Amino acid sequence: MRTIITISGLLFICLLLMVPAKASSTKVLAKIDISEQRMRIFVDGKVQHSWPVSTARRGYRTPVGTFKPTRMHRRYFSRKYNGAPMPYSVFFYKGYAIHGTDVVKRLGAPASHGCVRLHPKNAKRLFSLIQANGRSNAKIVIVK
Numbered sequence: 001m002r003t004i005i006t007i008s009g010l011l012f013i014c015l016l017l018m019v020p021a022k023a024s025s026t027k028v029l030a031k032i033d034i035s036e037q038r039m040r041i042f043v044d045g046k047v048q049h050s051w052p053v054s055t056a057r058r059g060y061r062t063p064v065g066t067f068k069p070t071r072m073h074r075r076y077f078s079r080k081y082n083g084a085p086m087p088y089s090v091f092f093y094k095g096y097a098i099h100g101t102d103v104v105k106r107l108g109a110p111a112s113h114g115c116v117r118l119h120p121k122n123a124k125r126l127f128s129l130i131q132a133n134g135r136s137n138a139k140i141v142i143v144k
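Okay, so the sequence shown: first residue is 1 according to full-length UniProt numbering, each after it adds one.
Read the hints as simulated data drawn from the structure, not as lab findings. One or more of the hints may lead you astray.
With a straight-line Cα cutoff of 30 Å, these simulated DSS-like cross-link-like pairs (lysine-lysine) come out [said to hold, decoys possible]: (1) K121 with K144; (2) K94 with K80; (3) K124 with K31; (4) K68 with K105; (5) K124 with K46; (6) K68 with K144; (7) K80 with K46.
Values in this document were obtained by computation on a predicted structure and should not be read as measured data.
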């Protein structure tokens with residue numbers, strides 16, 4: 001069986017190759033590496049920040065996968081853990097959130113019940129970036 005490509009077909013293929021790929025709607029990407037206990041913030045595909053985090057300690061888990069922010073709160077207090085402060089919370093899956101912590105000396109090591117803890121100043125920066133660009137333009141990726 002022979003394939004015949006006409007000049008108009010070849011022209012159409014060339015035009016398709018010249019059309020730029022559709023830009024991703026993700027403007028802000030928070031990538032959390034559990035093994036490194038580090039979060040990298042990408043804006044328009046370029047690393048803007050790299051911060052230590054604390055994810056789940058032994059006996060708990062931080063969900064792994066790709067998520068979108070579901071809700072955000074400047075001031076939030078845990079209903080499950082005795083009203084623990086969770087400033088600049090970015091919830092991404094059920095009750096899991098990225099948020100500030102007052103236990104900054106533990107950053108860089110697993111310490112949480114499953115949330116991703118950040119220094120409060122960094123949590124505020126992330127919260128502001130997502131708020132400025134819209135939750136629909138943000139993605140959270142968590143890897144082991």
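Holds or violated: K68 with K144, Cα cutoff 30 Å?
-> Holds, at about 18 Å.
Compare the distance between the alpha carbons of K68 and K105 with 30 Å, and conclude whether the hinted pair is satisfied.
-> Holds - the C-alpha atoms of K105 and K68 are around 28 Å apart, at most 30 Å.
Taken at face value, is the distance from the CA of K144 to the CA of K121 at most 30 Å?
-> With a Cα-Cα distance of about 25 Å, the restraint between K121 and K144 holds, given a limit of 30 Å.
Regarding the pair K94 and K80, is the alpha-carbon distance no greater than 30 Å?
-> holds, 13 Å
Pair hint outcome, K124 versus K31 [Cα-Cα no greater than 30 Å] | holds, 16 Å
Going straight from one Cα to the other, do K80 and K46 come out at no more than 30 Å?
-> violated, 36 Å
Is the Cα-Cα distance between K124 and K46 30 Å or less?
-> Answer holds: K124 to K46 is near 19 Å, not above 30 Å.
Violated hints amount to a single one, hint 7; each of the other numbered hints is respected by the structure.
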